[in-house]
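Residue-level listing of the chains:
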Amino acid sequence: MYVAVKGGEQAISQAHKLLAKRRRGDTAVTELSVEQINEQLPLAVDRVMTEGSIYDRELAALAIKQSAGDLVEAIFLLRAYRTTLSRLYTTDPIDTGKMQVERRISATFKDLPGGQVLGATFDYTHRLLDFKLLAEGPIETGQSASEQTSDNPADSDPLLMSRVLPMLEREALLVEEIDDGAPPADITQDAPSYPCDRSARLQSLVRGDEGFLLALGYSTQRGYGRNHPFAGEIRFGDVELCLTPDELGFTIEIGTLQVTECEMINGFSRLPEGEIKFTRGYGLAFGQSERKCMAMALVDRALQADSYDEERTSPAQQEEFVLSHCDNVEASGFVSHLKLPHYVDFQAELELLRRLQNKKSVVSTSQEKPA
Amino acid sequence: MNAATIRDGYNFAYLDEQTKRMIRRALLKAIAIPGYQVPFGGREMPMPYGWGTGGIQLTAAVIGQDDVLKVIDQGADDTTNAVSIRTFFKDLTGVKTTEKTREATLIQTRHRIPEVPLQADQILIYQVPIPEPLRFIEPSEVETRKMHALEDYGVMHVKLYEDIARYGSIATTYAYPVRVNGRYIMDPSPIPKFDNPKMDRIPALQLFGAGREKRIYAVPPYTEVLSLDFLDHPFEIQRWDETCAICGSDHSFLDEVIMDDQGTRSYICSDTDYCSQRVQQEAVA
Amino acid sequence: MQNTAIVAGFADPVSDAQQTFRKVLKAMSEPGVIVEAASPEALEHLYPSTFAVCQTLLDQQTPLWLSKEFSNPKIQHNLHFHTGMPLARQPLDAQFALAYAGEIATLDDFAKGTAEYPERNCTMILQVQAISASPSTDQNSTTLKLSGPGIKTERQIAIAGLSQAVIRYLSDRPDTFPLGIDFIFTAAQSLVAIPRTTQLEVC
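Respectively, the protein sequence lines represent chains A, B and C.
Numbering-wise, the first sequence is residues 1 to 371 according to the working numbering.
Numbering-wise, the second sequence is residues 1001 to 1285 according to the working numbering.
Numbering-wise, the third sequence is residues 2001 to 2203 according to the working numbering.
Heads up, a few of these hints could be off.
Unchecked claim - Per the computed footprint, the stretches of chain C lying under chain B, defined by three or more beta-carbons under 8 Å from a beta-carbon of chain B, are:
#1 2014-2020
#2 2057-2066
#3 2130-2138
Said to hold, decoys possible - Pairs of lysine-lysine, BS3-like flavour, derived with a Cα cap of 30 Å:
#4 A:Lys359 to B:Lys1159
#5 A:Lys21 to A:Lys98
#6 C:Lys2026 to B:Lys1096
#7 B:Lys1146 to C:Lys2112
#8 A:Lys110 to A:Lys98
#9 C:Lys2145 to C:Lys2112
#10 B:Lys1090 to A:Lys21
#11 A:Lys339 to B:Lys1090
#12 B:Lys1146 to A:Lys339
#13 A:Lys65 to B:Lys1090
#14 C:Lys2026 to B:Lys1100
#15 B:Lys1159 to A:Lys339
#16 C:Lys2112 to C:Lys2026
Hints were generated in silico from the structure; no laboratory data involved.
Note that this is a predicted model, so its numbers are computed, not measured.
Using N, Cα and C, we set each Cβ at its ideal position, and we do this for glycine too.
Excised from the complex, chain A in its bound form (with noise of 0.2 Å):
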């Protein structure tokens, strides 16, 4: 009789059931593993696991899979999936500067120990669309090539190299990061309460949305917070995962995560104590996620303005702005929930509406009226 449009359960399991085979698209066309993401979609498995917060390249590729390829959806999928997982122990901190290194480069530094070293990486490639990818069946450069690459140990042995930071923290030219041992907030225990801990504040970053924080970070190179950056140090390789469990009271290695760490040399400034020396920010994701790495250092820091005596003039050194907006799960959760129906509200503004239109031609009509 009266069809306000009021979906059922059938309407919904239609809808899940078309979802599923556009997620499949033609038959005719081999259905792609989640293996074949893992290992040819690697920078998007990367991206997912650092945003969905769970170092897990399967489950990852299978968010991914599942998801269609929309990365927001699938890192929406892997945090759901985090919240369901007990928490066993804590991990002791991860050292990078033990990292097993592919990849290192320092813009600050035209040679370090250790040297400059390219690894795998899209920067100077020239972005023609290769028209041999389009070909089915194994490529034959691209087989070659990486056959060749690692034939050659000096390409593709990992390196153990020491952080360029230090060298000139040693030199007092630059503020030092110290380790007070306080335990480090946990956002997904507590909610964030603003000022927030330093802790805090780049677990929100990690799990940041890449394209927010890329474009905070662009803004502030653009004079939105200006904090002259460089890049000191990008790198990316294979890290120790310990645990130091209490019952056994001696440290057991459970694994290798690969992390991308960026520190960014910041632009110096004369310190409480009197001393003048470059600021730094902070930049750390899983795999290999460098944009990720460098825009989250640019906002770490131009979000220490305080520290520093910087007037917070520009979105990027808005904390609670930037760290409430960051999160990409929250964010389009609630843009996309304006879809659901909210004729209630709506019918409680349209009587308000009709009633004040009555009421103005109401007053309207009677100052017509000749008094």
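Fit chains B and C to the known structure of chain A by using the hints.
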């Protein structure tokens, strides 16, 4: 636990026990400080933020095998999001669900309070998008927290009074601010102000969950909930000249339905259970 | 690790914790209503009700302060085994405190929350000798008349075993709302809660 009815690989009610404990502790604080927003470590749920994750987390933290669950959105049990949330809890708890307000022990709601008065031992769980009633006046959490601490609510009255100056009456029609137990100003969630009086000194427990904003708040039974107003502009609720086209009700919240391309309108109860109960009673009579 | 015997906790941790929580939720939202709660076994002189509350609310994130009466290795070890809770070094660090209500000489040392974060207070779990809904003639028993949120008009309960400090705190309410301490009083198999919003009159 009736494990057979629960989806494989998941805990009863989805959340792990540690998360439930964290939410449960926050709930007890919320009840001890009526109307105050307690921060909690809100988790990602398998539905998007803004779709009821706060309410879902609260339901997951309180629900047990003996509960009977009702889920409504816009007052109706059959709206897509209500269906989806109800299915989620059926899958992950195996509890009994109902559409009847009187039968439910837990009612999760978005945007409405049922028309049937709630009873003692019923728990009404609201989904809340923006828990901070002062947020649209003052965007900073640091500032609004201070305002609550100092009971500095002048801006809210100024805002409402500006409406009166501009429109001749208060122009807030939903999420209409209330004062709880004479202390905290609270956002009642985006229910129409029509529902505000139903919150005042009722026998049921009212819990509010804001997932994305990570806040929980509560109104214990028999607690005063007053809608803000002015002596010369007392609080009033919406009213309709029309009646429900199905049950003939002239006192429930009505949804407007467009009947044709010419914009012919009809009105029906937003609370579908209330409406069908009335139709049934009439049939019996 | 000490070699102390482990007492059995909840038989079904998920369901039992949920049921106990709902009892505590009811008690806290309707102050003065007496609810039943019990773990299968008592842990020494820790009542089955108290033990159930501990298993329901405590974990690695909740520092617990133990009074002298409860500071023994068996209780500490068992509570830690079942909940993972750390011990609070001093009352001020405690999110929960466990004591006999008769033991409390002052409540000054426990956290009352702050104006901006009033929830950062200590919840006291206090064991008493008896709780009843009707006035008691037992001279050790205090009859209290309660009113406030959660109570339609007023409600009476009698609790046996409160210290003067606790009675005074409850009737004088030295901390202005929203600051204050919330109480859960436990008898062997039951409990009652009095949050900071409740006004009390000693009868």
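**Item:** Holds or violated: A:Lys21 to A:Lys98, with C-alpha atoms at most 30 Å apart
**Value:** Violated - the C-alpha atoms of A:Lys98 and A:Lys21 are around 47 Å apart, more than 30 Å.
**Request:** Decide if the proposed pair is consistent with the structure: B:Lys1146 and A:Lys339, CA atoms, cutoff 30 Å inclusive.
**Result:** 34 Å, violated
**Asked** Taking 30 Å as the top limit, are the C-alpha atoms of C:Lys2026 and B:Lys1096 close enough?
**Response** 21 Å, holds
**Hint consistency between C:Lys2145 and C:Lys2112 [alpha-carbon to alpha-carbon, up to 30 Å]** = 23 Å, holds
**Item:** Check of the region 2014-2020 of chain C against chain B for coverage (Cβ-Cβ below 8 Å, three residues minimum)
**Value:** holds (count 5)
**Message:** Given the hinted pair C:Lys2026 and B:Lys1100, is their Cα-Cα distance within 30 Å?
**Reply:** 23 Å, holds
**Item:** Hint consistency between B:Lys1146 and C:Lys2112 [alpha-carbon to alpha-carbon, up to 30 Å]
**Value:** Holds: B:Lys1146 and C:Lys2112 sit about 18 Å apart, inside 30 Å.
**Prompt:** Does the structure keep C:Lys2112 and C:Lys2026 at a Cα separation of 30 Å or less?
**Reply:** 23 Å, holds
**Asked** Can the region 2057-2066 of chain C be counted as covered by chain B under the rule of three residues or more with Cβ-Cβ separation shorter than 8 Å?
**Response** holds (count 6)
**Request:** Below or equal to 30 Å on CA atoms is what counts here, so check A:Lys339 against B:Lys1090.
**Result:** 24 Å, holds
**Message:** Check whether the Cα positions of A:Lys359 and B:Lys1159 lie no farther apart than 30 Å.
**Reply:** Within the cut-off at roughly 21 Å; holds.
**Message:** Does B:Lys1090 sit within 30 Å of A:Lys65, going by the straight-line distance between their CA atoms?
**Reply:** Holds, because 27 Å separates the two Cα atoms, which is no more than 30 Å.
The earlier numbered hints that this structure contradicts are 3, 5, 12.
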